[in-house]
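Those protein sequences? They're chains G and U, same order as listed. Numbering-wise, the working numbering puts 237 at position 231 of the first sequence, and it's gapless, one number per residue. Numbering-wise, the working numbering puts 215 at position 214 of the second sequence, and it's gapless, one number per residue.
No lab work stands behind these hints, which were simulated from the structure alone. Keep in mind that a hint or two might mislead.
Lysine-lysine pairs mimicking DSS-like chemistry, simulated, CA-CA at most 30 Å apart [unchecked claim]:
1. U:117 with U:106
2. U:116 with G:230
3. U:116 with U:106
4. G:121 with U:117
5. G:230 with U:106
6. G:121 with U:106
What follows is a set of in silico ranges between Cβ atoms, one per label pair, in the way DEER data are often shown [what the hints assert, rightly or not]:
7. U:22 with G:280: 41 to 49 Å
8. U:123 with G:266: 42 to 50 Å
9. U:72 with G:229: 32 to 40 Å
10. G:161 with U:129: 29 to 37 Å
11. G:110 with U:45: 40 to 48 Å
12. U:195 with G:280: 35 to 43 Å
13. G:280 with U:234: 46 to 54 Å
Computed footprint of chain U on chain G, listed as stretches where at least three residues anywhere in the stretch have a Cβ under 8 Å from a Cβ of chain U [unchecked claim]:
14. 162 to 173
15. 178 to 184
16. 228 to 236
No residue lacks a Cβ here, since even glycine has one placed at the ideal position from N, Cα and C.
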Amino acid sequence: MNVLETIFAPLAYDFFARGLIVATISGALLGLIGVYITLRGMSYIGHGLSHAVFGGFAAAQLFAAQFYVIGAGLWGIASALAINVVSRKQRIGADAAIGVITTGSFALGVALLTKFGSRGPSFDSALFGSILGISTFQIWGLLAVAVLTLLMVVFRYRALMFTTFDPDVADASGVNVSRTDAMLMIVLSLTILATLTVIGVTLVAAMLVIPAVVARMLTNSFSKMLVTSAAIGAGCGFVGMYLSYYAGVPSGTMIVLTGSVVFALALSLRSIRSAVNRRSHTADAQAQSVQGKKMPVTF
Amino acid sequence: MTGTGVGRVILDVANASAGYDEALVLRNVDFHVHEDQFTGIVGPSGAGKTTLLRLLLGVVEPRTGSVTREPDVRVAYVPQLETVNWDFPITVDECVLMARTEQRKLPWASPSEKKKVADVLERLGIADLAHRHIRALSGGQQQRMFIARALLREPNLLLLDEPTSGVDVNTRHDMLHLLSDLHDDGISIVLTTHDLNGMAAHLPHLMCVNGTVVAEGTPAEVITSDVLEHTFGARLEVLQHLGMPIVIDDYAGRPTTVVAS
Numbered sequence: 007m008n009v010l011e012t013i014f015a016p017l018a019y020d021f022f023a024r025g026l027i028v029a030t031i032s033g034a035l036l037g038l039i040g041v042y043i044t045l046r047g048m049s050y051i052g053h054g055l056s057h058a059v060f061g062g063f064a065a066a067q068l069f070a071a072q073f074y075v076i077g078a079g080l081w082g083i084a085s086a087l088a089i090n091v092v093s094r095k096q097r098i099g100a101d102a103a104i105g106v107i108t109t110g111s112f113a114l115g116v117a118l119l120t121k122f123g124s125r126g127p128s129f130d131s132a133l134f135g136s137i138l139g140i141s142t143f144q145i146w147g148l149l150a151v152a153v154l155t156l157l158m159v160v161f162r163y164r165a166l167m168f169t170t171f172d173p174d175v176a177d178a179s180g181v182n183v184s185r186t187d188a189m190l191m192i193v194l195s196l197t198i199l200a201t202l203t204v205i206g207v208t209l210v211a212a213m214l215v216i217p218a219v220v221a222r223m224l225t226n227s228f229s230k231m232l233v234t235s236a237a238i239g240a241g242c243g244f245v246g247m248y249l250s251y252y253a254g255v256p257s258g259t260m261i262v263l264t265g266s267v268v269f270a271l272a273l274s275l276r277s278i279r280s281a282v283n284r285r286s287h288t289a290d291a292q293a294q295s296v297q298g299k300k301m302p303v304t305f
Numbered sequence: 002m003t004g005t006g007v008g009r010v011i012l013d014v015a016n017a018s019a020g021y022d023e024a025l026v027l028r029n030v031d032f033h034v035h036e037d038q039f040t041g042i043v044g045p046s047g048a049g050k051t052t053l054l055r056l057l058l059g060v061v062e063p064r065t066g067s068v069t070r071e072p073d074v075r076v077a078y079v080p081q082l083e084t085v086n087w088d089f090p091i092t093v094d095e096c097v098l099m100a101r102t103e104q105r106k107l108p109w110a111s112p113s114e115k116k117k118v119a120d121v122l123e124r125l126g127i128a129d130l131a132h133r134h135i136r137a138l139s140g141g142q143q144q145r146m147f148i149a150r151a152l153l154r155e156p157n158l159l160l161l162d163e164p165t166s167g168v169d170v171n172t173r174h175d176m177l178h179l180l181s182d183l184h185d186d187g188i189s190i191v192l193t194t195h196d197l198n199g200m201a202a203h204l205p206h207l208m209c210v211n212g213t214v215v216a217e218g219t220p221a222e223v224i225t226s227d228v229l230e231h232t233f234g235a236r237l238e239v240l241q242h243l244g245m246p247i248v249i250d251d252y253a254g255r256p257t258t259v260v261a262s
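Using the sequences and the hints given, assemble the complete structure.
Structure (structure tokens):
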């Protein structure tokens, strides 16, 4: 099988084509939001929220099977806002708030699914992602979340950057920090919900973190980090889907493994570049020393 | 140089108390910020200097008493360098442009914003560093970058938290002269510091704080052994040199050294 066949053969299956679209957009979306999540030191929130949404998914389908996505979304948003409020109470702290609210919700989800079974996606699909049975409604839902996220990133770019970098000064400069934080949490919940189908509850958090961390290694500019992280996320989603198809393992698993390999490569390249720079600086210093010149001091 | 507070009151702190959770950090503070204010707030660590600045800034609400701002007050703030996330992926010009967050929604700078950023960086002598990452600056340059961000707000009140900490003597000297120039341009300035002698040499008005206002006035009025004992809880000797008080650091039995300003 040649390269073109490798790429085009799976596209003959409608389920794969849908999965590829959803995985690529999901990766880009998670990469974009992940920049804010990692820079705010909120990686654990992504992990927690995906578990909270799972609880909502299990509870909602008991009452309205056909609308479980909406129920899970509302549950996720409520959890995100609850974390946001509770974590501001310094005595409790963000990590403890996330631990209590989201693992409680996850435990409820497991209990409900075990007791009553699932009328929507299977237990395993929800945990590890599946490309089977992606509906047109889910694709439109994901596109709607992607457009909403893009609008937020473009039109609240400055406020999001300022509140991420220095919330106190942003507040004093007239930026509504609470509203900006709440908006980010709502979009994060919707993103997790929309991407859960393909990537799975347990693996969504990894795709929030990996592209952003790799992008941070590659650039020192905020705007470039956003674009790079989204591109890496999309690339991992795209490649991961093909690997999933050919390896016969859940899509979320291969998408996250692809991201992990990209991370390892970026880390290695960075280490090599640092070593080369150090050697180059040492050689320059020795040359300057031989010539009796004084080295400029930089910090 | 004026700055002892004879102009119109633009910000008034009246009998205010403030703190975090159940801890009360400041009690019964009265402070009137005038149009021509140039004040240094001094005190030991944990005395409530930063809390007082945050009270003036409006990010901490008074538990009792009040903080009243005139409608035309535009406050800008320069944070303590130790509190900044230096790993944040941001260049100098991106950081300065943050001051225009509420003026324009689009991510990219308008031509007039680009000019304003270039002008303020030029004025502060760091125009050639505009595209550098914020970590790639010296301590003095980092302070100038945050002052540039503050100035882009076109403030009439500038608050600075420890602007002279962590920089060498020359940089500190340059910084205080820069602030003096800004004050001469009509900006009221309030800053916090541990540097008693530096403030005595450059600032017309000092306020000693330790949980409340211990004393305020000119350096000659405030820097006395009695006031410093009330403020720092230790007897410090004060010498007069060319009409200027100099504090001798003989704290806790350490060898005596004169800290030149």
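ask   = Out of the numbered hints, which ones does the structure contradict?
value = 4 and 6
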